[in-house]
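Visitor: These are the residues of each chain, in order.
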Amino acid sequence: MFRVVTDSTSDVPPEWCQQYGIEVVPLRVLFGEESFRDRVDLSTDEFFARLRQADRLPTTSAPSPGDFATVYERLSHECDGVVSIHISGELSGTVEAARVGASSVEGFPVHVIDSRCLTICVAYLCRAAAEAATLDEAVARVEARVPRQRILALLDTLKYLEMGGRIGRAQAMLGSMLDVKPILGVADGRVTPLDRVRTRAKAIPRMLERLRQDLPVERLAVMHAQAPADAERIRAQLAADLPDVEVEVGEIGAVLGTHVGPGAVGLTYITR
Amino acid sequence: MTASSRGAGAGRVDGQLLKQALLGSLAWLGAHQEEINRLNVFPVPDGDTGTNMLLTLQSAIEDIRESQAAEVSKIARIAAHGSLMGARGNSGVILSQIFRGFASAVQDKAELDPGQLATAFEEAANAAYRAVSKPTEGTILTVARQAGRSAAGAAQQPGATATSVMKAAAAGARSAVERTPTQLKILRDAGVVDAGGYGLQIMLEGMLRSVEEVEDELSPLMPGRPAAQVTLDLPEEGWGYCTEFLIHGDELDVEGIRDEIEALGNSVLVVGDPELVKVHVHTDDPSRVITLAARHGRLDRLSVGDMSSQHQRIRDQADEADGADEVVPVPAAPAPPAELRPNGIGLVAVVSGPGLVEIFRGLGVDEIVEGGQTMNPSTQDMLEAVERLPYGRVILLPNNKNVVLAASQVGGLTKKTVDVLETRTSPQGIAAMVAFHPERSADENVAAMTEAARHVQTIEVTHAVRDSRSNGLTVRKGDVIALINDRLEHAGKEYESVVQAALNGVGAGDYELVTIYRGQQATDSQAERLTASIRGDFPDLEVEVQSGGQEHYPFILSVE
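Going line by line, the protein sequences match chains A and B.
Residue 1 is where the first sequence starts when you use the working numbering, and the numbers rise one by one after that.
Residue 1001 is where the second sequence starts when you use the working numbering, and the numbers rise one by one after that.
This list has only true hints and no planted wrong ones.
With the C-beta cut set under 8 Å, the calculated list includes, among others, these residues of chain A facing chain B:
1) G175
2) S176
3) L178
4) D179
5) V180
6) P193
7) D195
8) V197
9) T199
10) A201
Note that these hints are calculated values from the structure, not bench results.
Note that the structure is predicted; figures quoted are calculated from it, not measured.
We treat Cβ as the ideally placed atom computed from N, Cα and C, and that holds for glycine.
All chains should be built: construct the whole structure from the sequences, respecting the hints.
Guide: Right, dumping it as structure tokens:
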């Protein structure tokens, strides 16, 4: 039997961790001198409260190879192998740290997979892996789903992405004097611009249009950063338009929150 | 200027007589420029038909001033080229087609007898009709056609001369102009004749005056001085020397010449036909260009300008003025992007107002063509912007209903593929730019941008420059007026009530966002008052204020 490991940017619901025995290795958020483990030392609400008051933006850091080695080492006494699924290597050094950590645990198979994506899509990959019977099947199920992940994110502003250095190809959207709302996706593991609209109200129908083109889906969630009303509005719209699809609502964690900023809301799904 | 006796009152029109006649029409049109501008159907401050026609005509005549060509075909063709490149505004483009039709009818002739002259006038009118996708009667088209018919009638009379034919053309034009209000309600309500038609009448009268032996009372006019001269002469992009000339020859290979010149510089413009080619290029090595071109034919009107010194001169003037008057800084082009856009599409927009220019640049426009005060850019202005881009596929946004036609001419003058979006206002252009995606194909972008432009409502607010009646609305000079999507719909005494009526008119309650683009004339307190008033009347609408800096319209609003 095998176990699934991921990192805190996967936004995996705690119930799944319990049900499937998924291990989560936390990234860190740094406010000045203070360092917090994402979702362990700092809840999302606490994080955004601090963000509002901070005079300088917090930074984030990946777990160290040692953090991973410790977890793999422990698991090597509990099972026969690990599949370790992580946030895109283009966005974070996490997956690289996992690889290095894995190489230091001898004689224990650790299959590290770069999801090329982030947030709950990665949690979906974890669940798909956990539902497999063998390690090989788990890897196959994950790799089959990697290209089927989709994110449609509406940000309130690009400034967090820009300052955090993850803006990727959405760079082209900068420089506007007008308040233009970006709709972003992820392609080739990086942030990519999908669309631009003038108002949030226009963004939601635009995102739903794209979702409709991608149907049918295996899993679908509305994720948000301190925007529960928007998330609920989207969920209600989805319930009305696509009554056969189960929709979850979740909040992204502090690490992602640092990079997208409050007010972000998104559709995350895996196509069938 | 009295008519020279060469050919006057005589049978035939040769090149020099045509040239003289065109110079006469230029002078007379110059004299009536403002009068024609004021014939704008809406009492708005940027009436520009007179100016546009004058500038187009100037362009037509520029290259023939020095010409001694005896053949009418040569003069007509040079004039047609000039007007094509210099065409500004709808009226200018139609005028350029009139020249083209005329030149086509006389292309193999050295001289015209009265019958041939009349035929040429008729062919000119036909070409004008072909240029417009939805020809409307009561416009310059009707006037051109009547002029042609009257000319044809006069040519059949015994003892007909070139002068009698021209006289009939001018008289036919005049009576057609007088009839235009009976053909178009909008003219009738506004109490004006059609401006473009009247401009053509004036041109024909001017031609007649110069060939008749008649003293011209108003004649010492300033044929060369356009009103409101604000061509914001942006420093030419590029290095080296701006080199321009004409090549006269036989069987000139325009494409071949273009290929040769393209290898020697940038901002290349090569247009023409087997007998006359116009060349414009920015090059480090003008002598090489000239030597190469001279192999093809005889060079004419050669001009070579050192662009770096032109640029330096403009900067020196700006530096000098520091500490003196307020100098409007020449808007610097942004640093060229490190990478080209993934989809290989370039973006050109016609924009007026420094704030609006910044907004369009911020949304991704690569080249801005300044519309200028009452002047619309010429086809050549837009063509040059297109050629300056490092892209082979270009989307062009005219952002003004009076520029759309001139913009549509650009594609035919370049090897690049140009998609012209029919944006008729700045807000439409902005909405289109927001919808642009740097990784999607040109076709997908054109579709998305066109759709986005369709959904935004534009409200333009200004002051009436004269009394007027239109659309059942009575307007007094000085009233605040609002145009919704180019139609005059509301008038009143102050901004707040007129804008409120306009917003209600578009059903603003169904939209989310109003953006106010402040023009040069609007004061801070006027802008604040208007913003507060809109927020008060429409509490669910977001209201954003941006500095547009445009002239003539203190407020332009977009509703989306």
